[in-house]
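> Letter by letter, the chains look like this.
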Amino acid sequence: MYTEKVMDHFSNPRNVGEIENASGVGTVGNAKCGDIMRIYLDIDDNGIINDVKFKTFGCGAAVATSSMATELVKGKGIKEALQVTNKAVMDALDGLPPVKVHCSLLAEEAIHAALWDYATKNNIVIEGLEKPKTDISEEEVEEVY
Amino acid sequence: MEKKIYLDNAATTKTRPAVVEAMLPFFTESFGNPSSVYELATQNKKAVDDARNTIANALKAEPFEIYFTAGGTESDNWAIKATAEAYGDKGNHIITSKIEHHAVLHTCEYLESKGFEVTYVDVDENGIIKLDELKKAIRPTTILISVMFANNEIGTVQPIKEIGQLAKENKILFHTDAVQAFGQLDMDVNDLNIDMLSASGHKLNGPKGIGFLYIRKGLKLKAFVHGGGQERHRRAGTENVPGIVGFGKAVEIAIETLKERQEKEIALRDRLINRVLSEIPYVRLNGHRTSRLPNNVNFSFQFIEGESLLIMLDMQNICASSGSACTSGSLDPSHVLLAIGLPHEIAHGSLRLTLCEDNTEEELDYVVEKIKEIVEKLRSMSPLYEDFIKISHIKEGI
Amino acid sequence: MEKKIYLDNAATTKTRPAVVEAMLPFFTESFGNPSSVYELATQNKKAVDDARNTIANALKAEPFEIYFTAGGTESDNWAIKATAEAYGDKGNHIITSKIEHHAVLHTCEYLESKGFEVTYVDVDENGIIKLDELKKAIRPTTILISVMFANNEIGTVQPIKEIGQLAKENKILFHTDAVQAFGQLDMDVNDLNIDMLSASGHKLNGPKGIGFLYIRKGLKLKAFVHGGGQERHRRAGTENVPGIVGFGKAVEIAIETLKERQEKEIALRDRLINRVLSEIPYVRLNGHRTSRLPNNVNFSFQFIEGESLLIMLDMQNICASSGSACTSGSLDPSHVLLAIGLPHEIAHGSLRLTLCEDNTEEELDYVVEKIKEIVEKLRSMSPLYEDFIKISHIKEGI
Ligand SMILES: Cc1ncc(COP(=O)(O)O)c(C=O)c1O
Ligand SMILES: Cc1ncc(COP(=O)(O)O)c(C=O)c1O
Ligand code: FES
Ligand code: FES
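Protein chains in written order, with the numbering used here: chain V, 1 to 145; chain F, 1001 to 1398; chain A, 2001 to 2398.
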């Protein structure tokens, strides 16, 4: 069902855990399946993401996308982190089954939520970042056959 | 463990070698169409009749009350749709339960779209149908009660005799989906007042793609699949002779070994339940403690999600399920677990282990150890568990 | 001959040993439910997908347009009933032919009882549908044309391309029952404008109890069997994995060997036809002389009765049929033979011989000898023949 990369990130998820006194924390839930993801960001004074951790209550795809997403934002600037879309995460994992596409949205949204938290705490505006939804109920992802 | 430990016998079972053995001649030697005149075909007709007799005996029914189908799903569809069609002039109301298999539920929903009215009766926290609600649901227009013998997810066995009695007193037909129970539990259609009963070969170590519907004699049910005159003009299509023969063999063995399998599986089941409940925190047994299938165990582990649990078990060579296999791939939590009152996130963390007679204590001890490790690992990555621990600490004033 | 000579391949075929071989691992080793998450199940899912691809290729269709069923009968029921249901708001008229299999005819009759109108178009004396009648039958309310690819009794192959064209021009859906033709004739659903196509495993040396319905993408056909989410939510029920795998294997071989089988069987068929027509008096070939299935031969022997003929052939170890197997046991003369204009008593004396690639000239020569003897014997006991001979003598002035 899952690609080798997905299985790898699922069985050995990178960056699991918490960051105490994190610069930003974002928790999002997926209304479609009830799954929940939380991302912790440690952002330095230059706006670089020094460290990132996650916790996920979700399926194999949710765990793997969390893991891959944290890998993709680690060491990046805020602007670059914003470019890490669910599609980028899926591509990096060599794809997900059609019914699991929505899982990858959790990761994207959780990063955005953590960045929003960071921005709010520091009273800054991040260009291109909108207030995150806490519940993702995206339009039906078209099944691809 | 190198070897796979298969604990998903409610999804499907291994076909017994003796069953395959019995089927083989009907592929390449005695392969004729049983409806034909020549001798090659009459051998097949006899083999089909023998299987029908074996199955009828298992239910204390008559052979001509057994109609072969392509499986449990078709049997359920047939029983419910044909009753609606045949007795629709008497009334348009059907009663079923909230925890039926989708083969029953989706068929009832289809009939609702055709103007029928369906009452879905609640179950209690153990999954037992609320008989008082069932009684109250009966209307003058009720033509059918369809309640499953035993549930496929949580294993709860229903009070079939009481339901049959209720149906009889009120002159309502009673159908039971016995796909999980047939071959695991004793049943007598007369004693239990069952008018229609569905079963499926692959759930009792028989082949896939074969099932039957028992229809009590005298019911005016018509065909659901129209065509040739097979199955006494009630179910058209060239008979699946190897499938029928295999099904017959599987039933023969299941009935012969019923008692000893029950004893063995109940012992294994209870040991597994006791170990998990006592050794893992925040876990709940779903389904009734004693009125349950001998081979069914179903737990909810708080704070973790079922699919992740399954994949990790699979990596340890353990095959299990987190709901009914037919609906995995679906993202909704199981309707059965919701019906017994579990909140969404707990329903999500459910694990079904369904045994067979070949499982050993040693295997199950290994399984318990692996479940422990995996539950711990998944909880350590769960934001829900994190919150829970923090809140407990706050509550405990730490 | 000691060995049975099986000449009833239109009723059912021997499952190829290679097909059984391919199925076996899916009974006792890779037996998982393809809907499950674990690896044991994903192997099965892959095997099912492979079979689906093989079949799709054989039709030049897409894999997701192939839906597995329990056989040709279910496929026919599904196609016709679901079209009626989905397109009933557009119209209530269906066109079919007088010589369809009962799986189509009885389904149409069922729909008539639900308020649909059905036109049963005539065929000519060779069994070919009258295209001008078909054209005239089209109404603004016509939603479906269902005409079989090739007939199971007389082997006549229909002008499918013309029918498909006609349907397309009039924006009517076109279903074809290809149960007899699939695996014997080349077919391309796009070239032929086929919207739905039924086939059955056991007619092409695959297993019984498995079939498929091709449904062109975009058609809004709903499920006929409701339940779990299998077959893209369109056909519920645990997949018959061994059956599907066996069917896939049978199709693979059938396609690979199509040309050479056709050549071989046509040569045998024509030799058989020529010998019987030239060596036995008062015999008629039913069905079209050339537009016919490579393996089908159907004769009417005047003055004799089919069942007696069959039993005597059986005593000589020859398995044949006198109509479709599904309706033998019925005493009515075949609706197909009546539709091509045979009078009752001649229709009664019909014999269908359907070959396979394994038949030899030697076998068929033996069969011709036996037919000769038996026909002579039966005629000598026939009062019809006696009358006929007397009348001829009078006519000839003896
Ligand atoms: C209770 C119950 N009913 C019906 C079915 C459907 O049986 P099948 O998949 O053999 O059609 C199943 C299993 O899938 C079941 O567990
Ligand atoms: C033309 C035709 N259609 C449909 C069927 C039904 O197929 P099955 O018996 O496999 O359901 C048959 C054979 O019995 C047939 O010959
Ligand atoms: S199914 Fe919920 S995140 Fe994947
Ligand atoms: S005399 Fe027996 S069928 Fe006619």
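Since the hints were made in silico from the structure, they are not lab data.
Keep in mind that the hints are not guaranteed to be accurate.
What the hints assert, rightly or not - A few chain A residues that face chain F, going by a derived Cβ cut-off under 8 Å, partial list only:
id, residue
1, Ser2036
2, His2102
3, Gly2209
4, Gly2228
5, Ala2254
6, Ile2255
7, Thr2257
8, Ser2308
9, Leu2310
10, Ser2382
11, Glu2386
12, Asp2387
Backbone N, C-alpha and C fix where the C-beta goes; we use that ideal spot for every residue, glycine too.
> Now, for every hint given, state plainly whether the structure supports it.
Evaluation of the provided hints:
1. Ser2036: holds (5 Å)
2. His2102: At 5 Å from the nearest chain F Cβ, His2102 (chain A) passes the 8 Å test, so the hint holds.
3. Gly2209: holds (3 Å)
4. Gly2228: holds (3 Å)
5. Ala2254: violated (16 Å)
6. Ile2255: violated (21 Å)
7. Thr2257: Where the cut-off is 8 Å and the nearest Cβ of chain F is about 18 Å from Thr2257 (chain A), the hint is violated.
8. Ser2308: Violated: closest Cβ of chain F sits about 10 Å from Ser2308 (chain A), beyond 8 Å.
9. Leu2310: Given a least distance of 5 Å, the restraint on Leu2310 (chain A) holds.
10. Ser2382: violated (19 Å)
11. Glu2386: violated (26 Å)
12. Asp2387: Given a least distance of 27 Å, the restraint on Asp2387 (chain A) is violated.
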